[in-house]
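Novice: All chains should be modelled from the sequences, with the hints used to inform the complete structure.
There are 2 protein chains.
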Amino acid sequence: MITGKSYIGFSQQSSGSTTYKTINPKLNLENEWVFTEATSEEIDEAINMAWIAFKAYRNISESDRAKFLNAIADEIEALGDDLVQMYCAESGLPEGRANGERNRTVFQLRSFAEMLQSDDWKQVSIDTAIPDRTPAPKPDLRRSVLPLGPVAVFGSSNFPLAYSTAGGDTASALAVGCPVVVKSHPMHAGTGELIAGAIVRAAQATGMPEGVFSNLNSKGIEVGQRLVKHPKIKAVGFTGSIRGGRALLDLAAQRTEPIPVFAEMGSINPVVITQNALEYNGSKWAETYAGSITLGTGQFCTNPGLILGIKSRELTSFTEELAEKIVTIDPMVMLHPNIKSAYGRMKSEVTGQSGVSVLSAPLEVETNYADQAVATVDGSAFLSNPKLHTEVFGPFSIVVQCEDEAQLLEIIENLEGQLTGTIIAEDSDLPNLHTIVDEMRQRVGRLIFNGVPTGVEVCPSMNHGGPYPSSTDPRFTAVGMHSVRRWVRLISYQNMPESLLPNELQNG
Amino acid sequence: MITGKSYIGFSQQSSGSTTYKTINPKLNLENEWVFTEATSEEIDEAINMAWIAFKAYRNISESDRAKFLNAIADEIEALGDDLVQMYCAESGLPEGRANGERNRTVFQLRSFAEMLQSDDWKQVSIDTAIPDRTPAPKPDLRRSVLPLGPVAVFGSSNFPLAYSTAGGDTASALAVGCPVVVKSHPMHAGTGELIAGAIVRAAQATGMPEGVFSNLNSKGIEVGQRLVKHPKIKAVGFTGSIRGGRALLDLAAQRTEPIPVFAEMGSINPVVITQNALEYNGSKWAETYAGSITLGTGQFCTNPGLILGIKSRELTSFTEELAEKIVTIDPMVMLHPNIKSAYGRMKSEVTGQSGVSVLSAPLEVETNYADQAVATVDGSAFLSNPKLHTEVFGPFSIVVQCEDEAQLLEIIENLEGQLTGTIIAEDSDLPNLHTIVDEMRQRVGRLIFNGVPTGVEVCPSMNHGGPYPSSTDPRFTAVGMHSVRRWVRLISYQNMPESLLPNELQNG
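Protein chains in written order, with my numbering: chain A, 21 to 528; chain B, 21 to 528.
Worth flagging that the hints you see were computed from the coordinates, not collected in a lab. Nothing here was measured: the structure is a model prediction, and the numbers come from that model. Watch out, some of these pointers could steer you wrong.
Copies of the same chain look alike in the list, so a pair counts if it fits in one copy or across any two.
[To be verified] Result set (DSS-like, lysine-lysine): computed pairs, CA atoms no more than 25 Å apart in a straight line:
#: 1; residue 1: LYS25; residue 2: LYS252
#: 2; residue 1: LYS407; residue 2: LYS252
#: 3; residue 1: LYS304; residue 2: LYS158
#: 4; residue 1: LYS25; residue 2: LYS239
#: 5; residue 1: LYS249; residue 2: LYS407
#: 6; residue 1: LYS249; residue 2: LYS87
#: 7; residue 1: LYS331; residue 2: LYS304
#: 8; residue 1: LYS249; residue 2: LYS46
#: 9; residue 1: LYS46; residue 2: LYS239
#: 10; residue 1: LYS87; residue 2: LYS142
#: 11; residue 1: LYS75; residue 2: LYS142
#: 12; residue 1: LYS75; residue 2: LYS252
#: 13; residue 1: LYS239; residue 2: LYS252
#: 14; residue 1: LYS25; residue 2: LYS249
Specialist: As C-alpha cells, then:
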C-alpha cells in the first residue's frame with residue numbers, strides 16, 4: 021500500500037502540506053496516490069539520524085553490510101508484480117523493461133555485497149618499517165580507506181530503479197559504510213516508496229542502525245537544496261540534467277566545507293562512421309542505429325545523438341536509410357508530459373537552426389508519445405553553431421557531413437565532454453584510425469568500436485562518466501565496482517600497533 | 021646566472037613592467053636579483069604551448085617520460101652549490117635542510133620515473149567478452165586512465181624544492197603525461213628559476229615538446245588567478261594557506277568547465293597523550309615534542325599545534341617541562357618577514373583569548389626570528405572558542421587540559437579536518453584506545469602512534485591530505501605514488517581491436 025509519506029529512518033512521516041501526484045504518461049492521467057513533500061524539519065531529522073547511524077554503521081563488519089545489501093535485493097524481488105505495475109504506471113515504460121531494470125538493480129546490490137567479501141576495493145598499501153635506514157629510520161606505513169559520511173542521492177527520471185532509490189549510487193554508498201538519504205524523484209514517487217520500504221525492511225531485518233537510510237519525498241527543488249547544503253551531508257550522487265547537476269555542484273562548492281558531487285549528466289554520444297563502413301555495411305548500421313536511437317524512447321543518457329561522417333554518396337544513402345527506417349518503428353511514450361514537451365521544444369530548436377534539414381517523414385503521435393526524427397547538417401554549420409551541440413533528450417539524432425578528415429577531427433576536438441564515443445569501421449580502416457581514436461578518447465569516458473553506446477554493462481571495467489559536462493568529475497565512474505571510490509577517502513596509519521589496525525591492514 | 025625572467029616553454033621572457041625582489045630573512049635584506057612578473061600575454065602563451073604540447077606529450081612512451089624525469093633529477097643535482105646557496109639566501113633555512121630537501125626532490129622524481137616501468141598506476145581492469153551470455157552478450161570491456169591535460173602548479177613557501185617548482189605536484193603530473201605550468205612562488209623566485217632551468221634543459225635533452233613545462237614569475241595573485249581561470253588548464257595543484265587554497269578552489273568551481281583543485285592547506289595536527297604515557301614517559305615526550313614543534317622553525321604543515329590530555333598532575337608537569345625545554349632551543353629565522361609578522365599576530369591572537377596561559381618564558385629574538393612558545397587552556401574554553409582551533413603557522417603549540425575522556429572525544433569530534441593526528445600511549449592503554457582511534461581517524465588523513473607528525477615519508481602507503489580544510493579532497497594524496505591519481509581520469513574501451521588499444525590493455 022502506498023502511503024505517500026517520506027521514510028525518516030524506519031518511520032513514515034508526512035507532517036507537511038505540499039502534496040503532489042505522479043502521472044501515467046500512457047493514459048495522460050494522474051495516478052491515484054497523493055505524496056507529501058518532506059518538511060525542513062523532516063529533512064534535518066533524516067540527516068541527523070544518518071549522522072548518528074554513521075558512527076555505528078562505519079564499524080559494522082563487511083559481512084553484515086553484505087547481508088544488508090542482499091536483504092535489500094531479496095525485498096525488492098519480493099515486491100513482485102506490485103513493483104512492476106507501479107513502475108509502468110509512473111514511467112510509461114513497458115513491463116519487459118521494468119523486469120530488466122529490476123534484475124539489474126538486484127544484480128548491482130548483490131555485486132556490491134560480493135565485492136565486500138574481499139579487500140580489493142580498499143586501496144590497501146603496506147610499507148613495513150626499515151628501522152636501520154639512514155639518515156632516518158623508515159616508519160611502518162599502511163594505507164586503507166574510510167567512508168566519507170552520509171551521502172545524498174538524487175535518482176534519475178529515466179531509470180526509476182537502476183539509477184534511483186536503490187540504484188548504483190545508493191548500493192555503492194551503503195556498501196562502503198555511508199548512510200544514504202535519497203531525494204525521491206517526483207515523477208516516480210510511488211516506485212520510490214516501494215523500494216524505500218524494501219530497504220527499510222532489509223535494514224530492520226539485518227540489524228542496521230536506524231537512519232542508515234531515509235527517503236524524502238520532494239515536489240520542487242527545495243528538498244534537494246537543503247540536503248546538499250546541510251553540514252552533515254558529506255557527498256552527493258546525482259543522475260540527471262546538466263542544469264540540475266550543475267546547480268547542485270555550485271551549491272556544494274559554496275559550502276563552508278565543500279563536498280564532492282558526482283553528477284552524471286547529459287551527453288550526445290558522438291558516433292564516427294568511416295567511408296568503408298558506409299560502403300560495405302551502411303544498411304546494416306542504419307538499421308542498428310534506428311534501433312539504438314529509439315531504444316527506451318531515446319531516453320538513455322548514452323543515446324547516440326550525433327553521427328559524424330565525411331561527405332559522400334554513401335553517407336547520403338546511409339542518412340536517408342536511417343531516416344526511413346526510424347519512422348517504421350512504432351512511436352513510444354515518453355516518461356512524463358514535461359519530458360515530452362522538452363523533447364518537442366529542443367528538437368524544434370535544433371532543427372530550426374540554419375543549414376539543418378530534417379530527413380525523416382513527420383509522424384503523427386498520441387499525447388506524450390515521441391515523434392522520432394533524423395536530421396542532417398554540414399560540418400561547417402555544425403562547427404560554428406553551439407546550439408547544435410546541445411542534447412535533445414529523446415529519439416533524435418543529427419548526421420553531420422564533414423568536408424574531410426581534418427574537419428571531422430576539428431569537430432571531435434571541439435565537442436564538450438561525453439559519456440561515450442563510438443567508432444564504426446571496417447578492418448581495413450584499422451591502420452588509419454589512431455588519430456581519430458586519440459582525439460575521440462580525449463572527449464569521452466567510454467569508447468566503443470563497431471557497436472552502439474546504449475547499454476551500460478555492470479562490471480569492473482565499466483566507466484560510466486566522462487569529461488565535463490557529461491559528469492562533474494571524470495576521475496570516477498557511476499557504474500561498476502570502481503564507483504565506490506566516490507564515497508571513500510584515504511587514511512594512513514603510521515607505526516600503529518596491530519590491535520588498533522583495521523583487519524585489512526593487519527599482518528597475515 | 022639569474023635573469024629574473026619567466027620560462028615560456030623553452031625561452032625566457034620578461035616583457036612586463038612589474039618587478040620584485042626576494043628577501044634574505046637572516047640578513048633582513050633584499051637579494052640582488054630583480055624578477056619580472058609574467059604578463060597576461062605570457063601566461064596565455066605558456067598555456068597555449070602546454071595545450072599543443074599535450075597532444076604530443078600524452079602519447080610519448082612511458083620510458084621516454086621516465087628519461088625526462090630522471091634527466092630533471094640529474095640537472096637539479098648538477099646545479100650543485102649554486103642551488104643550495106640560493107635556497108638558503110631566499111628562505112633562511114640551513115644548508116643541511118637545503119641538501120635534505122634537494123635529495124627528497126630528486127628522490128621523488130626518480131621514484132615517479134621508476135613507477136612508469138610498470139602499469140600498476142593505471143587502474144587497469146579487463147573484462148573479456150562472453151558472446152553467448154543470455155539475455156544479451158557481454159562485450160569486451162577494458163579500463164585504463166588518460167592524463168587530464170595541462171596542470172597549474174602553485175608551490176609552497178615552506179618547501180622551496182620538494183613542494184615547489186619540481187616538487188611532488190610537478191613530478192606526478194609530468195609522470196602521467198600532463199604538461200605543467202608553474203606559478204613561481206614570489207618568496208623564492210631565484211630558486212624557482214634555477215629549478216625551472218633544470219627542467220627546461222632536461223626537456224630539451226630528452227626531446228620533449230616545447231610547452232611541456234613553463235615557469236611564470238608572479239608578484240601578486242593575478243598570475244595564479246588567470247592560470248586557474250584559463251579554459252585550457254585542466255587541473256590545479258596547490259600547497260599553502262587555507263585562504264589561498266580556498267580562493268583557487270572557488271575560482272575553479274565558477275568556471276564554465278569546473279576543474280579539480282587539489283590544495284593541501286592548513287592543519288593543527290592534534291596529538292592525544294594518555295595518562296599512562298604522561299606517567300611513564302612524560303619527560304621523554306616533552307623533549308621530543310619541543311623538537312617537533314620547533315623543527316624548521318615550526319613551518320611544517322604537519323607541525324603539532326595542539327596537544328590534548330586529561331587534567332592531572334602529570335599533564336601539568338608535562339606541559340611545564342615542554343614549556344621549559346622549548347625555550348632552551350636556539351630561536352631560528354622564519355622564511356620571510358611577512359611570515360614572521362603573521363606568526364606574531366596569530367600567536368598574540370590565540371594567547372590573548374580568555375582562559376589561555378602562556379607557560380614558556382618570553383624570548384628576545386632578532387628580526388625575522390621566531391620566539392617559540394607553549395600555552396595551555398582547559399577543555400571547555402577550547403571547545404567554545406573556534407579562534408583556538410586556528411593554525412598558528414610557526415613554532416607554537418597549545419596544550420588542552422580536558423575534564424575527562426568524554427570531553428576529549430567531544431573535542432576530537434568537533435575538530436576541523438587535519439592532515440595528521442597522533443596518539444601517544446603505553447602498551448597497557450591499547451585495549452582502551454579503540455574509540456579514540458575511531459574518532460581521531462575520522463578527522464585526519466594520517467594517524468601516527470607514539471611518534472611525531474613532522475616528517476612525511478615518500479612511499480606508496482603515505483597519505484598526505486585529509487578532510488577539509490586540511491585538503492580540498494581527502495580522496496587523494498599529495499605525496500607518494502598514489503598522488504598521480506589526481507591528474508588522470510578513467511577511460512573504458514568496448515570491443516576495441518587489439519591494435520587500437522593502449523599497450524597496458526592489449527592481450528598478453
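Novice: Would you mind marking each hint as holding or not holding in the structure?
Specialist: Here's how the hints hold up against the structure:
1. LYS25 x LYS252: Within. Shortest intra-copy distance 23 Å satisfies the 25 Å Cα cut-off; inter-copy 48 Å does not.
2. LYS407 x LYS252: Cα proximity of LYS407 and LYS252: across copies only (22 Å, versus 39 Å in one copy).
3. LYS304 x LYS158: between (63 Å within a copy, 21 Å between copies)
4. LYS25 x LYS239: within (12 Å within a copy, 59 Å between copies)
5. LYS249 x LYS407: Cα proximity of LYS249 and LYS407: across copies only (24 Å, versus 32 Å in one copy).
6. LYS249 x LYS87: neither (32 Å within a copy, 47 Å between copies)
7. LYS331 x LYS304: within (19 Å within a copy, 80 Å between copies)
8. LYS249 x LYS46: neither (37 Å within a copy, 47 Å between copies)
9. LYS46 x LYS239: So LYS46 and LYS239 pass the 25 Å test inside one copy only (21 Å; across, 65 Å).
10. LYS87 x LYS142: within (19 Å within a copy, 32 Å between copies)
11. LYS75 x LYS142: within (19 Å within a copy, 34 Å between copies)
12. LYS75 x LYS252: Answer is within: at 12 Å inside a copy they meet the 25 Å cutoff, but 42 Å across does not.
13. LYS239 x LYS252: This pair counts as within: shortest intra-copy Cα distance 23 Å, inter-copy 39 Å.
14. LYS25 x LYS249: Classified as within; 23 Å inside a copy, 45 Å across copies.
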